[in-house]
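J.: In case you want the letters, here they are:
2 protein chains.
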Amino acid sequence: MKNLGLGSGPEFDRIRAIIGRLGPDASGIGDDCAVLPIGATNLLASIDCSIEGVHFRTDWLTEAEIGFRAAAAALSDLAADGAEPIGVLVSLGLSGPGSGSQGVEIMAGVGAACRAVSAQVLGGDLVRSDKIIVDICVLGTAERPVRRAGAQAGDSVWVTGTLGGAGLALSELRGGREFDAALRARWARPEPRIKAGQWLASHGATAMIDISDGLAQDAGHIAAASGVALDIPLEQVPCWPGVNPMAAVVSGEEYELLATLPQAFDDAAKFVKATGLPLTRIGKCVTGSGARLTLRGLVLPPVAGFQHFDE
Amino acid sequence: MKNLGLGSGPEFDRIRAIIGRLGPDASGIGDDCAVLPIGATNLLASIDCSIEGVHFRTDWLTEAEIGFRAAAAALSDLAADGAEPIGVLVSLGLSGPGSGSQGVEIMAGVGAACRAVSAQVLGGDLVRSDKIIVDICVLGTAERPVRRAGAQAGDSVWVTGTLGGAGLALSELRGGREFDAALRARWARPEPRIKAGQWLASHGATAMIDISDGLAQDAGHIAAASGVALDIPLEQVPCWPGVNPMAAVVSGEEYELLATLPQAFDDAAKFVKATGLPLTRIGKCVTGSGARLTLRGLVLPPVAGFQHFDE
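Protein chains in written order, with this note's numbering: chain A, 1 to 311; chain B, 1 to 311.
Chain A on its own, in the form it takes in the complex (with noise of 0.2 Å):
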C-alpha cells in the first residue's frame, strides 16, 4: 500500500484498511484535505463529524458553541492546506419533536464560525438522531495546496499560537472547575487559522498540518507523509499558560498550524505583524522518522494522541 501519510494508531489502522479495500475507487485519501484541480485552481474538500457524548457534551457548551466548534473544526483542514475558504455544507442530526430551535442555534453558531473565515453556509442535510450529530463538510481553493508530505531534512518546524489551552480547559470542565474566559474562547469558539495557514503558504512551507490530534501525533502524521523525522525539544513548544510542555503536546482540537519551512526562513516577526499571532521555531526535520519528543536531551517514549476508539 502506498504511503497514506497516517501516523500509528487503531483509527489509522482502520482508515488504511478502508483505503486497502477501496483499491482505486479511492485516491489521495489521507491529508487534511482532497485536492481536485479544476480549472487554473485547485479545489479542497474536507469532511469533519461532531457527535454528542464523543466530540462535545450539551451541558458544556451552549448549542451556537456546539456549532461555531464543529464548523472550526472542519475549516481548520482548509487553514492546513493555506486554502481560501469557500462554504461548508452541514450534515445536521436532531432527535425529532421540539428540536427545531436546537436546530436554528447550531446553525446559528455554524454561520458565526464561516462569518469570520468570509466562507458561505451552501448547503445541507437534516435528519433525525437520538444524537446530536453535526458533520461538515467544508470547500475551498489553493493554487498552491500545501501538503503534509514535503518536508525535507534541514527544514526548520514551526508552530502558530500556543498549546494546552483546549486540554487545559477539559480537564478543568472535566473537575467541575471554573476558569476564566480566554480559556473559555479558545476552547468553545477555536478560530481557524485560515490567514495563518494563506501566509505560510506563500512563504514556502514545505509541509503542514492542522494541530486536531495534539502536537506529538500531528508531528508523526507529517513525518510519515514526508519520509522524515521531526526533531522537536519539549523546552521550545509554546504553552497556554499554566500548561506544561508534556500536556500540551498531546492537547487535542487545538487548531493551530504546525509548519516545516526551509532553513533559512527568518521572517516570523513579519508573520506576527501579518496575523496577530505567534509563530514559534520548536525543532527540525532530520533523516529518519517519526516524532521524537525530547525534554533535556531524553528521547520520549512515543505518545498516544486524541483517540476516538480505544481498542
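Simulated from the structure, these hints should not be mistaken for lab results. Wrong hints could be hidden among the right ones.
Just so you know, same-sequence chains aren't split out, so a pair can sit in one copy or run between any two.
[To be verified] List of simulated lysine to aspartate or glutamate pairs, DMTMM-like, C-alpha gap at most 25 Å:
no., residue 1, residue 2
1, Lys-284, Asp-180
2, Lys-284, Asp-267
3, Lys-284, Asp-231
4, Lys-284, Glu-52
5, Lys-131, Glu-52
6, Lys-270, Glu-52
7, Lys-284, Asp-59
8, Lys-284, Asp-266
9, Lys-195, Asp-267
10, Lys-131, Glu-63
11, Lys-270, Glu-84
12, Lys-270, Glu-172
13, Lys-273, Glu-143
14, Lys-131, Glu-143
15, Lys-131, Asp-59
16, Lys-273, Glu-105
Note that the coordinates shown come from a computational prediction; the quantities given were computed from them, not determined experimentally.
Fit chain B to the given chain A structure using the hints.
T.: The following block gives chain B in isolation, referenced to the frame of chain A:
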C-alpha cells in the same frame, strides 16, 4: 423570506427556520445541489446523511448495501442537476471496538456505487457513534446545471423509469414477506440516474429533481421553486409491477428523475435508446401553484411524502 424552492411539511419548515436565522451567511440553499462557479464551469455539491434505524436497518441490508444505498442517494442529487460526478467525501460513524470490518464493508459499498458512475472516494472522517452513520458529500461539475426553478406554464412533466418499487420493497420487508431479485436490487442498490440527468439537461430540461420524498412531494418542490402548478393525472404515472399509482406517488427513495421539458419535446425514444430507461410524460405545467394530482379528473387532497420528522 425569499422563495426557497421547498414545498410544505415540518422538515421543510425547520429548514426554512434555519435559513431565516443564517441570513446572508446562507446562499442558494433549498435545491438539490449548491452551485459554485469555478473557472469556466460550475462546481456542484450536496450532502446526504443516512442513519441506522432512521434510513436503514441492519437486518434488512448487508453492510455493503448500506454503503451503496447511502452513496447512491447522495449521487442522485448530482443526477438531478444534470451534473458529472467527481467524487464523494464520507463521514462514517461506527460503534467502536470490533466494528473495523463493518467499516470496510460499508465503504466497499460506497466505492461500488461510486465506481458505477466514475466517481472517486476523495476523503472521509471516521468517528465513534452508537448508531451507524453514513454521511456523504458529493461533488460534481455541470456547465449548465438544471435547477428546481425554471419550469414554465406550458412545459410538459416527465419522469424516468417506473415508480413504487422502493415503497413496495419496504412494505414487503415490514410484513416479513420475501420478494424477487429484481425488486431487491431496485431497493438495495438503487442506481443514481447520472446519464439520464445529463441527457435531459442537454436536451432542454427547464427544471429537474430526483424523487427522494415521493413524486407528490417532489413535484411540489418544483412547483414552489418555479412558481407554476404541476398537473399530474395519476393514470399517466408509470408504476412498478404490482404497484398502484396512489402508492407510487408517495413512494420515497425512488431516485428516478422528475423533469419539465418544453411542450415541443418529443425525443423520448432517443432518451430510451441513450439510457435504457423509460421516459414517460405524466403531466403539464400550468399557471397556479402546487402539485395537483388527479384521479379520474378528481383532485387528490395534499399528499404527505416521506418524512423523517413526524410532528
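J.: Decide, hint by hint, whether the structure agrees.
T.: Results of checking the hints against the structure:
no. : hint              : in the structure
1   : Lys-284 / Asp-180 : neither (34 Å within a copy, 64 Å between copies)
2   : Lys-284 / Asp-267 : within (16 Å within a copy, 66 Å between copies)
3   : Lys-284 / Asp-231 : within (5 Å within a copy, 70 Å between copies)
4   : Lys-284 / Glu-52  : neither (38 Å within a copy, 46 Å between copies)
5   : Lys-131 / Glu-52  : both (6 Å within a copy, 12 Å between copies)
6   : Lys-270 / Glu-52  : neither (40 Å within a copy, 51 Å between copies)
7   : Lys-284 / Asp-59  : neither (41 Å within a copy, 53 Å between copies)
8   : Lys-284 / Asp-266 : within (14 Å within a copy, 69 Å between copies)
9   : Lys-195 / Asp-267 : within (16 Å within a copy, 52 Å between copies)
10  : Lys-131 / Glu-63  : both (13 Å within a copy, 22 Å between copies)
11  : Lys-270 / Glu-84  : within (20 Å within a copy, 44 Å between copies)
12  : Lys-270 / Glu-172 : neither (35 Å within a copy, 68 Å between copies)
13  : Lys-273 / Glu-143 : within (24 Å within a copy, 42 Å between copies)
14  : Lys-131 / Glu-143 : neither (39 Å within a copy, 39 Å between copies)
15  : Lys-131 / Asp-59  : both (14 Å within a copy, 22 Å between copies)
16  : Lys-273 / Glu-105 : neither (35 Å within a copy, 50 Å between copies)
The earlier numbered hints that this structure contradicts are 1, 4, 6, 7, 12, 14 and 16.
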